[in-house]
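Starting from the given sequences, assemble the full structure and let the hints guide the process.
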Amino acid sequence: MAFKLVPRCFLLTSLAQNLSKLSVSSYVSSDSNELSPANELQLEFREYLKPSLPSHQKSNDADMVANLLIECHDPYHAMESSSLHLNGIRVSTELVQQTLIRLKNVPSIALDFFVWVKEQPGYNHDGVAYDMMIDIMGKARQFDVAWQLLLEMDQLGDKSTSKTFGILFRRLIAAGLTRQAIQAFDDMERFTKRETDREDFVDLLDTLCKYGYAKVATEIFNQRKFKLEPDTHMYTVMIYGWCKLNRPEVAEKFFREMVDRGLEPNVITYNVLLNGICRRTVLHPGTHFEGIIQKAENLLDEMQKRGIEQEVTSYSIVLHVYSPAHKPDLLLDKLSSMKEKGIFPTVATYTSVIKCLCSCGRLEDAEEILNEMVANGVSSYPTTFSCFFKEFQGRKHADNALKLYKKMGDLSCTPSLSTYNILVGTFSRLNKMDILHEIWNDMKESRAGPDSDSYTLLIHGLCEKRKWAQACEFFQEMIESGFRPQRSHWRSYTKV
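All the letters of the sequence shown, read from the start, carry residue numbers -16 to -1, 1 to 480 under mature numbering (1 follows the signal peptide of the UniProt record, and there is no 0).
Hint data in this document are derived by calculation from the structure and do not stem from the laboratory.
Where a beta carbon is used, it is the ideal one built from N, C-alpha and C, also for glycine.
One should not assume that every hint holds.
What the hints assert, rightly or not - Keeping only pairs whose Cα atoms sit at most 25 Å apart, straight-line, the calculated DSS-like set for lysine-lysine is:
(1) K209 to K237
(2) K428 to K123
(3) K123 to K199
(4) K279 to K289
(5) K390 to K42
(6) K289 to K325
(7) K311 to K289
(8) K123 to K194
(9) K387 to K374
(10) K147 to K177
(11) K428 to K387
(12) K380 to K323
(13) K325 to K42
(14) K88 to K147
(15) K451 to K391
(16) K199 to K177
(17) K318 to K289
(18) K194 to K211
(19) K325 to K279
(20) K209 to K177
(21) K374 to K325
(22) K428 to K88
(23) K311 to K323
(24) K387 to K416
(25) K416 to K390
(26) K380 to K390
(27) K391 to K325
(28) K318 to K279
What the hints assert, rightly or not - Label pairs and their in silico Cβ distance ranges:
(29) E286 to D138: 46 to 52 Å
(30) R431 to R468: 17 to 23 Å
(31) K102 to G345: 35 to 41 Å
(32) N51 to W131: 28 to 34 Å
Set out below in structure tokens:
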């Protein structure tokens, strides 16, 4: 399956006249894995959910196959030239899975490979391969293909699982298609041949809340809670959803309803509510700082009265409040107090401190904390470095950004896609095209990206520097890789 290419001359004209009008800031992607006490907390209460898809493992064969497919890809003749180079390759389940992981950001090539390998003698796709392919097509918002794959699974006798549908409705919700996601949830019984249970329902609620649809989650929670008896996990998810929408007062109602039902809150429930209270200051720095801190301390006291021991996440959440309030000295005092009690900071804790110091312009202090973190054996994380990169971008410190980028490599810390996009935007604005191309190539080699935002940032930067031919080449590459410009982008690209 390949996308039609726009004629090169048409691209050149439309890009030259329109793309330079677009705002770079509109396309800087947020890091879905951004490290903070809130996201660290989310990982904690999602532990009971279903296992994830296979992770990236070292595989020379998968590297070779993925590179061949990308280098030899012809959008007009899917797999024809590539298949010649793959003759003699022994197809295995592990090879297919690892190759799909490496092709997750080029959906059209991944689908071509999936179809081609299915026809090879002695090999049949298992359910995991279908799950991975459905996830890839869902991420690319090609839900018609995702449903075709699911129907194909059913026709071949490979029963789709609740995990398969979890992948599908997660991608639907991420695309804003909440009603379609709920319909997919309701269709699950027909495909899996079993009744949906509480765990399935919690998975749906959790995904809705994660993407900011707590109102939709509340609607179906109230409709179905009598059939699927709520437990602490379910209420914790609902509390999280409303806290995410900055509505802690609604979250507190769910908390009290849970207690009234005789369900005992745990440390995660308290930390979620604590984060919701503190989040007001994060989102609205003008909020009365002392009042928020007092309310947070009261909740910590209630935890202690219930015999629930405070731990690093509880402290990290409160400590995180000091960053938007621009209280670096108070923050450092709180960090010292925390360490004196024998509670050791995590990478999320250190990142909160570094973020505050960077935003207050205290880069030297931030670097000292970074060095302390490394010295204490706390693994570095891309988001920690992104705090510095964002500050360097505003200050136009290209040399410092490049130096820190090299330090990431020395620490074996691979940048995330979000970090790469920050760097692409930074060096693009500063007209450091040689460094920009180096980072772009590193991003490709690491398989972190690029995504549609990466391409938009790069193309915009090239257009600002009036490098129309290069901008055109990357726009064509973006489409060939399976990324469709969003409707608003497309109107700008094609308006003559």
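How the hints compare with the structure:
1. K209 to K237: Distance of about 16 Å is within 25 Å: holds.
2. K428 to K123: Satisfied, since the Cα-Cα distance of roughly 18 Å is no more than 25 Å.
3. K123 to K199: Holds: K123 and K199 sit about 24 Å apart, inside 25 Å.
4. K279 to K289: The given pair, whose Cα atoms are some 15 Å apart, holds under the 25 Å limit.
5. K390 to K42: Roughly 23 Å separates the two Cα atoms, so the pair holds.
6. K289 to K325: holds, 19 Å
7. K311 to K289: violated, 29 Å
8. K123 to K194: holds, 16 Å
9. K387 to K374: holds, 14 Å
10. K147 to K177: holds, 14 Å
11. K428 to K387: holds, 20 Å
12. K380 to K323: violated, 35 Å
13. K325 to K42: Violated, at roughly 41 Å.
14. K88 to K147: Holds, because 18 Å separates the two Cα atoms, which is no more than 25 Å.
15. K451 to K391: Distance ~31 Å between K451 and K391 Cα, so the pair is violated.
16. K199 to K177: violated, 30 Å
17. K318 to K289: Given that 25 Å is the threshold and the Cα spacing comes to 22 Å, the pair holds.
18. K194 to K211: Roughly 23 Å separates the two Cα atoms, so the pair holds.
19. K325 to K279: holds, 22 Å
20. K209 to K177: Status holds; Cα separation ~22 Å.
21. K374 to K325: With a Cα-Cα distance of about 33 Å, the restraint between K374 and K325 is violated, given a limit of 25 Å.
22. K428 to K88: With Cα atoms ~12 Å apart, K428 and K88 stay inside 25 Å; holds.
23. K311 to K323: holds, 19 Å
24. K387 to K416: holds, 14 Å
25. K416 to K390: With Cα atoms ~16 Å apart, K416 and K390 stay inside 25 Å; holds.
26. K380 to K390: Given pair K380, K390 holds - Cα atoms ~17 Å apart, limit 25 Å.
27. K391 to K325: violated, 32 Å
28. K318 to K279: holds, 17 Å
29. E286 to D138: 46 to 52 Å: holds, 50 Å
30. R431 to R468: 17 to 23 Å: For R468 against R431, whose Cβ atoms are near 21 Å apart, the range 17 to 23 Å holds.
31. K102 to G345: 35 to 41 Å: violated, 56 Å
32. N51 to W131: 28 to 34 Å: holds, 31 Å
Checked against the numbered hints given earlier, the structure breaks hints 7, 12, 13, 15, 16, 21, 27, 31 and satisfies all the rest.
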